[in-house]
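J.: Two chains, two frames, some hints: make the complex.
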Amino acid sequence: MGYNKYMDIPYYFLGLLYLVVLGFYLFILFFNLYHLFKFGFFDFTGKINAFIFCGAWTIIIFFTWYFLSEIQWFDTFNLWDETFGQISFF
Amino acid sequence: MSFVYPVKKIPEHIHPVFPGQFADEEVIFVIRRHWSIILNYIFRLVAAHLIAIVIIIFLVYLLQWEIPTEGPLYVLMVMAVSAYFLGAWLFYIHEFVDYHLDLWVLTNQRIVDIEQNGLFNRTVSELNLTKVQDVTYELSGKIQTFLNYGTVFIQTASEKDRFSFDQVANPQNVSRQIISAMEKANTRVMQKQAQIMQQEQNHAPAATTPQKL
Numbered sequence: 001m002g003y004n005k006y007m008d009i010p011y012y013f014l015g016l017l018y019l020v021v022l023g024f025y026l027f028i029l030f031f032n033l034y035h036l037f038k039f040g041f042f043d044f045t046g047k048i049n050a051f052i053f054c055g056a057w058t059i060i061i062f063f064t065w066y067f068l069s070e071i072q073w074f075d076t077f078n079l080w081d082e083t084f085g086q087i088s089f090f
Numbered sequence: 001m002s003f004v005y006p007v008k009k010i011p012e013h014i015h016p017v018f019p020g021q022f023a024d025e026e027v028i029f030v031i032r033r034h035w036s037i038i039l040n041y042i043f044r045l046v047a048a049h050l051i052a053i054v055i056i057i058f059l060v061y062l063l064q065w066e067i068p069t070e071g072p073l074y075v076l077m078v079m080a081v082s083a084y085f086l087g088a089w090l091f092y093i094h095e096f097v098d099y100h101l102d103l104w105v106l107t108n109q110r111i112v113d114i115e116q117n118g119l120f121n122r123t124v125s126e127l128n129l130t131k132v133q134d135v136t137y138e139l140s141g142k143i144q145t146f147l148n149y150g151t152v153f154i155q156t157a158s159e160k161d162r163f164s165f166d167q168v169a170n171p172q173n174v175s176r177q178i179i180s181a182m183e184k185a186n187t188r189v190m191q192k193q194a195q196i197m198q199q200e201q202n203h204a205p206a207a208t209t210p211q212k213l
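Protein chains in written order, with this note's numbering: chain A, 1 to 90; chain B, 1 to 213.
The following block holds chain B by itself, in its conformation from the complex (with noise of 0.2 Å):
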């Protein structure tokens, strides 16, 4: 069974792939929430045109409520719902820019969240793949379980709190390729740790042994 994750191929000649790459560095996956989420502000987008249009509808159709073509009444109920629709898609917009902004990228050599809170702030937080001790993965809820998407954990050494990729998709693959990405981190850095010690005794000077007296 493959546990390759399916994320869309990057093309090569996208680089860097994320603000900050180095040149060195290969992508092994960028993930966003899951689409759910943003389908959830869709239907939020929806629901409040809907809303607009229901409540226009019972008044001027079954309370029989004749709202006057001129007059600053109408110029005030004009602008009003005017500004309830702008207000609708400028509130969608903004859920979307940030989910489209929160970014989980895993490399060969580590991982990096980015995190944007709000207009003007925003978060880019990195860790070394050799730093990262246990990842772990939750389902948590009726949802998440259906639609097959959760949080995944990455506890680190540092004191710090947990390292976590939040409602994205496949968990379990993910927290494979992470374990997968960890290890072989592990290996290059253990394999060059034997190299400098290899050259460091070739160019070390030759053991004298003490002369008795």
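Just chain A, same shape as in the assembly (with noise of 0.2 Å):
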């Protein structure tokens, strides 16, 4: 069986995608801040860390957001055409 050429797939699993290894981030990430919670040692240094680290994340997420704000996520994209058809390095 040959590969189909043709095969549509739609925006959203793209969000999909980028939501599990965000789910993955968030993981790690919990568990970071639990240490520095749980441990007894979330002074100073921590807090201006644990402070610096939110915001630069949400800025990060705020442009994410931003800039995929105009994507229809039930529309569908072919893979090959419409991909990397528009890559052209020659």
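To be clear, the hints were calculated from the coordinates, so they are not data collected in a lab. Quick caveat: nothing in here was measured; it's all calculated off a predicted structure. Keep in mind that the hints are not guaranteed to be accurate.
When the alpha-carbon atoms are kept at most 20 Å apart in a straight line, the in silico EDC-like pairs for lysine to aspartate or glutamate are as follows [claimed, not checked]:
hint : chain 1 : residue 1 : chain 2 : residue 2
1    : B       : Lys142    : B       : Asp166
2    : A       : Lys38     : B       : Glu115
3    : A       : Lys47     : B       : Glu95
4    : A       : Lys47     : B       : Asp102
5    : B       : Lys184    : B       : Glu126
Examples of chain A residues lying across from chain B (beta carbon under 8 Å, computed) [as the list claims (entries may be wrong)]:
hint : residue
6    : Leu14
7    : His35
8    : Trp57
A virtual CB, placed ideally from N, CA and C, is assigned to each residue, including glycine.
T.: Structure below.
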């Protein structure tokens, strides 16, 4: 069986992939911050680093959302024609 | 010349200073690895951002690569860049937590080594000061010599590996503090032993001389 050249993929599939990566990220992040709180050394340095980190995290997520806000997630695209077909290095 | 290690004075209302501190235990110092270690991770974080910015400038302005503002390639690129920056920050916070939770505590009774290895591995080792036999310190390399940080090794009577304080600032003063605390602890133990012997002698029945037959 050959591959389906005209296979259509919905955009939300990419969104779900991103959410899986984000979920893994949040899992590791949760345990890191939990350790900071749990083991009793949540002093000034710990607080300032956690604050800066949360700020950076918010900015990154905000810009990601901003750049992707126009995407029609239930539209579909053709993987070969519309994705790799747009790249032309030569 | 004073050899008092310049640690921040711990406020008296904070008790315990570290988890597992005894009620009658006095904390002499709490130290972490040298600040240059965390500075190294901050540089890496900044470098990760600069690399990404340079690559984007190179692609867009120098190669005149026109990234479409819609379509799957655009979505993939936004997500990839977002994941890259999130990953860089996650790496930093992970290293910071590892740095922040690695502690060495010297009290008037013992040495406590609290070490965070990764996310789910935490090791807490204790060493009674009276078991300390030898303390040495080592500064290896140009950077450690220039910034005055290194490793302090504590040799004990046991066959186990040496206890070590890795990459701590001012290792000479740290080792002097440990030796001073060890001498005080030994003196205290000897005084206690002498006191117990004295009490035993006072309470022992008077010695009887054997009678001649």
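J.: If a hint holds in the structure, say so; if it does not, say that too.
T.: Structure-based check of each hint:
Between B:Lys142 and B:Asp166, the direct Cα distance comes to roughly 16 Å. Compliance with the 20 Å bound is thereby established for this hinted pair. Taken as a hint, the A:Lys38 and B:Glu115 pair is honoured in the structure, with Cα atoms around 14 Å apart against an allowance of 20 Å. Distance check on the hinted pair: A:Lys47 and B:Glu95 sit about 15 Å apart at the alpha-carbon level, within 20 Å; holds. Restraint check for A:Lys47 and B:Asp102: satisfied, since their Cα atoms lie roughly 17 Å apart, inside the 20 Å limit.
Simply put, B:Lys184 and B:Glu126 have alpha-carbon atoms about 18 Å apart, close enough for the 20 Å limit, and the pair holds. For A:Leu14, the interface hint holds, since its Cβ comes within 8 Å of a Cβ in chain B; the closest pair sits about 5 Å apart. A cut of 8 Å between beta carbons decides the hint on A:His35: the least distance to chain B is about 5 Å, and the hint holds. Taken as an interface hint, A:Trp57 checks out: its beta carbon lies about 6 Å from the nearest beta carbon of chain B, inside 8 Å.
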